[in-house]
Amino acid sequence: MSSLDFAPLWLSLRVSLLATLLVAGAGIPLAWLLARRRFWGRELLNGLTSLPLVLPPTVLGYYLLVLLGQQSPIGQWLNRMGWPLVFTWRGAVVAAAVASFPLLVLTARAGFEGVDRRLEDMARTLGRSELAIFWRVTLPLAWPSLLAGAALTFARALGDFGATLMVAGNIPGRTQTASIYIYDLLQANRRAEAGGMALVVTGLALLLFLISQSLTRRILR
Amino acid sequence: MLEIRVQKRLRDFSLDIDLAVPGGVTVLFGRSGAGKSMTLACVAGLAAPEAGRIVVNGAVFYDSRTGVNLRPQQRRVGYVTQDYLLFPHLTVAQNVAFGLAKHTRRERETIVQEALAWLRLEQLARQRPQALSGGQQQRVALARALVTRPQVLLLDEPFSALDSPTRARLRQDLLRLQGELDVPVLFVTHDLAEALLLGEQMAVVADGRLLQLDTPARVRERPADSLVAELVGRNGAGLS
Chain A
4 MSSLDFAPLW
14 LSLRVSLLAT
24 LLVAGAGIPL
34 AWLLARRRFW
44 GRELLNGLTS
54 LPLVLPPTVL
64 GYYLLVLLGQ
74 QSPIGQWLNR
84 MGWPLVFTWR
94 GAVVAAAVAS
104 FPLLVLTARA
114 GFEGVDRRLE
124 DMARTLGRSE
134 LAIFWRVTLP
144 LAWPSLLAGA
154 ALTFARALGD
164 FGATLMVAGN
174 IPGRTQTASI
184 YIYDLLQANR
194 RAEAGGMALV
204 VTGLALLLFL
214 ISQSLTRRIL
224 R
Chain B
176 MLEIRVQKRL
186 RDFSLDIDLA
196 VPGGVTVLFG
206 RSGAGKSMTL
216 ACVAGLAAPE
226 AGRIVVNGAV
236 FYDSRTGVNL
246 RPQQRRVGYV
256 TQDYLLFPHL
266 TVAQNVAFGL
276 AKHTRRERET
286 IVQEALAWLR
296 LEQLARQRPQ
306 ALSGGQQQRV
316 ALARALVTRP
326 QVLLLDEPFS
336 ALDSPTRARL
346 RQDLLRLQGE
356 LDVPVLFVTH
366 DLAEALLLGE
376 QMAVVADGRL
386 LQLDTPARVR
396 ERPADSLVAE
406 LVGRNGAGLS
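In the order they appear, the protein sequences are chains A and B. For what it's worth, the numbering used here labels the leading residue of the first sequence as 4, then goes sequentially. For what it's worth, the numbering used here labels the leading residue of the second sequence as 176, then goes sequentially.
None of these hints come from the bench; they were simulated from the model. Careful: at least some of the hints might be erroneous.
Unchecked claim - Here are the computed lysine to aspartate or glutamate pairs in the DMTMM-like style, where the Cα-Cα straight-line distance is at most 20 Å:
#1 K183/B - D193/B
#2 K183/B - E225/B
#3 K277/B - E123/A
#4 K183/B - D238/B
#5 K277/B - D124/A
#6 K277/B - E133/A
#7 K277/B - E289/B
#8 K183/B - D382/B
As the structure is a prediction and not an experimental result, all values here were calculated from the model.
Hey, can you work out the whole structure from these sequences and the hints?
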């Protein structure tokens, strides 16, 4: 039995962390908008946000290739900037981010909706600006939900297979993440190593899920 | 001086209030769901009337004819509700300081200390609201509203959730503070005894309409119509 290569795991952790940060940066403001503002197209936006949850990952990967690939204007611009996505670890980050985006938005939106609007109204009568109210009332009160959503996002990003494979490919040492590595090991009939890596990933995912659960329970209490 | 003219369509009836009072404590009295709380929300700027005019101490908060509608942040009202609405993630001192963002840190500390002392809350400064009794929480809410030096104090059934000894003490606190600060108070209640005790003016409201505006004694002696007579009936039994 040859030894287990841990490079895919480190790559997965790095990709998932970056994806989670990206998703949090875009998803938290969006979740707040969906929870607190009425605007035209709100339900459509909500549907689009949740789409990656129900689309096959290969379909997601296909759209990402069309949108961000070498032939697309965005892809060409990224190339010129020296940040090509396709067949790079950056592509893996984008794929993982898009696939896990809905989990954060749904959890964060529920968190924001759980904050008593009357507390925000009270803050208004006390003269505080809308921005101050977001930072000092809404965000701290929704914080456990946001953390729970981030943990779920990280776990989902860690587990992504289809979209990542389509966008970033399977280049050992460069774009091969843990999930894809497990598939490779099985293909090569290295069952023991596949099992070992599967256990590690399962342990991580379970830990993240438990963290998310305990945070959610804290909100309900 | 308060001038409140509010027209607003609600689910079950239309709110159509027109009242002007010189200041002091004005009680809005009537059954639950009569439109009293909505009137306060309109004064605070948390709900928008469809038409009318709201003027507090010469400052026009709202005027449908000229299109004036100040944001709640610009109105400087002190708002206190039945369930206190303290910020659960902040300490008592931080709650009281919440409306003092424009003051320096030192000013803020002084003002908060003073307010806490006034309302016998010094010992609780570092506690979270959840650790406090209802009466204590309501005093924190009162302190938080008062330190901003509001133009008008809006109290929406502030003592309804409290037991009667606590309620009696808080009424005394309120009268004492009102006397010292000379801030006009709009006090919503469905409790007749409370209305008679606290009100310098009493506005009787039913189904969104103002039935009578007078001193509590006059309202009791000479109710404007049979509905007012029923609401302030001799037996004084609880309305709800």
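Self-check item: Numbers of unmet hints, in rising order
Solution: none
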